[in-house]
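Starting from the known structure of chain A, fit chain B onto it as the hints suggest.
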Amino acid sequence: DGGITQSPKYLFRKEGQNVTLSCEQNLNHDAMYWYRQDPGQGLRLIYYSQIVNDFQKGDIAEGYSVSREKKESFPLTVTSAQKNPTAFYLCASQSGWMSGGTEAFFGQGTRLTVV
Amino acid sequence: AQSVAQPEDQVNVAEGNPLTVKCTYSVSGNPYLFWYVQYPNRGLQFLLKYITGDNLVKGSYGFEAEFNKSQTSFHLKKPSALVSDSALYFCAVRPLGQNFVFGPGTRLSVLP
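Chains as they are written, first to last, in this note's numbering: chain A, 1 to 115; chain B, 1001 to 1112.
None of these hints come from the bench; they were simulated from the model. A quick note: this is a predicted structure, and the numbers were derived from the prediction, not measured. Hints should not be assumed to be uniformly reliable.
What the hints assert, rightly or not - In silico lysine-lysine, DSSO-like type, Cα no more than 30 Å apart, as pairs:
#1 71(A) - 9(A)
#2 71(A) - 1049(B)
#3 57(A) - 1049(B)
#4 1049(B) - 9(A)
#5 1077(B) - 1058(B)
#6 57(A) - 70(A)
#7 1049(B) - 1022(B)
#8 14(A) - 57(A)
#9 1069(B) - 1058(B)
Only chain A is shown next, with the shape it has when bound in the complex (with noise of 0.2 Å):
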């Protein structure tokens, strides 16, 4: 099958933990997202990768960080740094950044909780 997948599906975190959330995707895409969903909120892009080896902040970096070794993975770590971690993680990914006319797919999604 091909597609995106995001895990754990629901993830906890201590005060002052990082953690990591897994983006996975087989479908050959170059471009992969990073988006934080809040209730009654759209949807807010925290990093994107136009390609391999590169990455982007977004418009809500702060307290985050990301890695993309690999074209197929694009892993996004909470740091303890994030204030409010809280949030509903969408993980996305586009056969090219300059593709504009073509669709993102999404994963899943990570609902992560701070106890």
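Frame of chain A, contents of chain B only:
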């Protein structure tokens, strides 16, 4: 600044009636336009897109959308709503050479 507005937080419609979910945008140039649907605790699913050509585009599950350049709108429509259409709907635009810009979402409730 680039922005997408979905003026209704909630749309209620009776099953079998036509539905419309509104979207207007303010971006530079001629962006690509998209609609996505989200069911609870799930990711977004692509419904349809407008790239160029006919202003009425057809998508998945019987949905269609009408592009109006002069009004910078891209309203989602369906002739006959189903209870299973109840979900959160997002309009998105993608200006050339830039990232997606998503609207805040509209919750659609189809009442039996």
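Going down the list of hints, with the structure as the test:
1. 71(A) - 9(A): holds (22 Å)
2. 71(A) - 1049(B): Given pair residue 71(A), residue 1049(B) holds - Cα atoms ~26 Å apart, limit 30 Å.
3. 57(A) - 1049(B): holds (26 Å)
4. 1049(B) - 9(A): holds (28 Å)
5. 1077(B) - 1058(B): Since the Cα atoms of residue 1077(B) and residue 1058(B) sit roughly 10 Å apart, the hinted pair holds (cutoff 30 Å).
6. 57(A) - 70(A): Holds, at roughly 18 Å.
7. 1049(B) - 1022(B): holds (15 Å)
8. 14(A) - 57(A): holds (25 Å)
9. 1069(B) - 1058(B): Roughly 17 Å between the alpha carbons, so the hint for residue 1069(B) and residue 1058(B) holds.
When held up to the earlier numbered hints, the structure conflicts with none and fits them all.
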